[in-house]
Amino acid sequence: MTFWKRFSSNRGAVIGLILLIAVILIALLAPVIYPGGPWKMVQRPFLVPFTTDGFPLGTDTLGRDVTAGLVHGARVSLLVGLVSTLMALLIGVPLGALAGFYGGYVDEGAMRFTEFFQTIPNFALAIVLVAILQPTLGSITLAIAIVSWPPVARLVRAEVMSLKRREFVEAAHLAGLSNMRILVSEVLPNAVSPIIVMASLMVATAILLESSLSFLGLGDPNIMSWGYMIGAARTVIRSAWWLSFFPGVAILITVLALNLIGEGLNDAFNPHLRKGRT
Amino acid sequence: MSLISTILGRLVKAVITLLAIAVLNFFLIHAAPGDPAAVLAGEAGAADPLFIEQLRARFGLDQPFHIQLWTYVKNVMMLDLGYSFRQGAPVIELIADRLPATLLLTLSAFVISLSLGIALGVAAAARVGRVSDSLLTTLALLFYATPLYWAALMAVLVFSVQLGWLPGFGYETVGSGYSGLARAWDILQHLILPAMTLGLFFMAVYMRMTRASMLEVSQMDFVKTARAKGLSGPVIRRRHILRNALLPVVTLAGLQAGQLIGGAVLTETVFAWPGIGRLMFESLGARDYNTILGVFLVSAAMVILFNILTDIVYRIVDPRIGAKT
Numbered sequence: 005m006t007f008w009k010r011f012s013s014n015r016g017a018v019i020g021l022i023l024l025i026a027v028i029l030i031a032l033l034a035p036v037i038y039p040g041g042p043w044k045m046v047q048r049p050f051l052v053p054f055t056t057d058g059f060p061l062g063t064d065t066l067g068r069d070v071t072a073g074l075v076h077g078a079r080v081s082l083l084v085g086l087v088s089t090l091m092a093l094l095i096g097v098p099l100g101a102l103a104g105f106y107g108g109y110v111d112e113g114a115m116r117f118t119e120f121f122q123t124i125p126n127f128a129l130a131i132v133l134v135a136i137l138q139p140t141l142g143s144i145t146l147a148i149a150i151v152s153w154p155p156v157a158r159l160v161r162a163e164v165m166s167l168k169r170r171e172f173v174e175a176a177h178l179a180g181l182s183n184m185r186i187l188v189s190e191v192l193p194n195a196v197s198p199i200i201v202m203a204s205l206m207v208a209t210a211i212l213l214e215s216s217l218s219f220l221g222l223g224d225p226n227i228m229s230w231g232y233m234i235g236a237a238r239t240v241i242r243s244a245w246w247l248s249f250f251p252g253v254a255i256l257i258t259v260l261a262l263n264l265i266g267e268g269l270n271d272a273f274n275p276h277l278r279k280g281r282t
Numbered sequence: 098m099s100l101i102s103t104i105l106g107r108l109v110k111a112v113i114t115l116l117a118i119a120v121l122n123f124f125l126i127h128a129a130p131g132d133p134a135a136v137l138a139g140e141a142g143a144a145d146p147l148f149i150e151q152l153r154a155r156f157g158l159d160q161p162f163h164i165q166l167w168t169y170v171k172n173v174m175m176l177d178l179g180y181s182f183r184q185g186a187p188v189i190e191l192i193a194d195r196l197p198a199t200l201l202l203t204l205s206a207f208v209i210s211l212s213l214g215i216a217l218g219v220a221a222a223a224r225v226g227r228v229s230d231s232l233l234t235t236l237a238l239l240f241y242a243t244p245l246y247w248a249a250l251m252a253v254l255v256f257s258v259q260l261g262w263l264p265g266f267g268y269e270t271v272g273s274g275y276s277g278l279a280r281a282w283d284i285l286q287h288l289i290l291p292a293m294t295l296g297l298f299f300m301a302v303y304m305r306m307t308r309a310s311m312l313e314v315s316q317m318d319f320v321k322t323a324r325a326k327g328l329s330g331p332v333i334r335r336r337h338i339l340r341n342a343l344l345p346v347v348t349l350a351g352l353q354a355g356q357l358i359g360g361a362v363l364t365e366t367v368f369a370w371p372g373i374g375r376l377m378f379e380s381l382g383a384r385d386y387n388t389i390l391g392v393f394l395v396s397a398a399m400v401i402l403f404n405i406l407t408d409i410v411y412r413i414v415d416p417r418i419g420a421k422t
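Protein chains in written order, with the working numbering: chain A, 5 to 282; chain B, 98 to 422.
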């Protein structure tokens, strides 16, 4: 069976993929759909959803269009989710690979370092980092990357440790390839599929983390985000439920889509595991 | 390895980790934009240069870097986490004041998420492939993707605002004058929504794990043997499968419990729960870095303590764990 066939035999994964593509399209087209941006006050405040033409999801406390906020908020969620995951991979993959490949003191040191970051409650560390570095898109992304890399390092280390004893690696040694060359061009390419699965789940977690930070008021003040919308509406939850409700649904759908895709990828990469699951 | 030496080893490791966090905090203070003295003073000192000068001398900020570091770490180890100018009290006192509420909330959330997660996971595994199984699995998938704080807000909206069943705000009814059992009952009612919403995510995690683990163990040979000798389904499930399936779930739960403290910042913010998470949120707005870093350190200490406790419990419950390492 081809990879796509295996992936698409998981119904949830296909639904996830469709949802994610929809969110990506909305994010890309945001400036076209709402060229005025999400900050403009366009109607009277507290407009109830489904009552006024052109403002299907109502307006917020300052008369800004909730739909415009949602559409523009998709951009920051996806961007931060993606970039922070790439950064976490850039930290975790080399660290785990070196630890697993060289073993001994390198492994010991790297794993102690990883353990330290795993012990620290990661959301609290993210809060501290963003609060101290001041909330900007860059500091938020960096903070999320810093709290997300340890599981990557562990995964890559375990993969490399099991791969390095395989025959093709021994053959590469005999052929006289350097250690670095073997690690990068022989061992790591074989560890790519579990890393991809983990990365797709990490993007989901990163989106949740970003929205949680924004909810606490630690978002970039110049950028509309879903977490910020909920945080700003928190105090008026009793009178204006829709201000917190719709952004939450948006986060839920995006995160759910990514989780479903992650599971589908996992099934597609490990066809032999599928039977045992049900 | 004997239990005592294990505990000692873990304690030494814990102290090293806390020292490392103190060093990290020190560097973070210096990474903040602006003068460290102004950072330590928070808003209070921003206007007065003389006051900043006094602070600089008092905290040794005019000393060489390594001496500053030493002073800071030494202070932290003696539980001096600095002074919150914003709140007008030493940080350690503020935290000590708020810690019991956070412990009550996170421990309740932990117990709820673990017990419900295991129960639902077992139920789903027993009905694998049927409608009720897919229903439970879908539910877990949804909870797994729900932002914690949003679940909390929606719970307030439904159970407190719409239905009026439970209070959605605070730790106890203010000015009620309850005492004894009546007070405990009042606090319990206030606790339900925050603890449930904080535990929701982990409930989903534990449920999925329990289900997978139950299904995996049920394929093993000793289960076939039990079936072959004619034991009934429920007995096999309870005595043979469940007992073996629980170990990985409980191990993971012990390791992850610490993350609940991070989530508590969100839950306590939504419910105005007077714990250290709420303290951290209040300090964010005030740029009260001493308090923020203090809460960070204490929450890490709680995580470490909890990990040691669960480790000890496992070694007593299941001697195999100690034998393996």
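If you are wondering where the hints come from, they were derived from the structure by calculation, not from laboratory data. All C-beta atoms, glycine included, are put in the ideal place defined by N, C-alpha and C. Be careful, since some hints might not be right.
[As the list claims (entries may be wrong)] Examples of chain B residues lying across from chain A (beta carbon under 8 angstroms, computed): (1) 402; (2) 403; (3) 405.
[Claimed, not checked] Partner residues are not named here, just some residues of chain A that face chain B (Cβ under 8 angstroms, in silico): (4) 175; (5) 177; (6) 252.
[Claimed, not checked] Covered stretches of chain A, going by a simulated chain B footprint (3 or more residues, C-beta under 8 angstroms): (7) 135–149; (8) 220–228.
Violations among the numbered hints, reported as their numbers in ascending order: Of the numbered hints given earlier, those the structure breaks are 1, 2, 3, 4, 5, listed in rising order.
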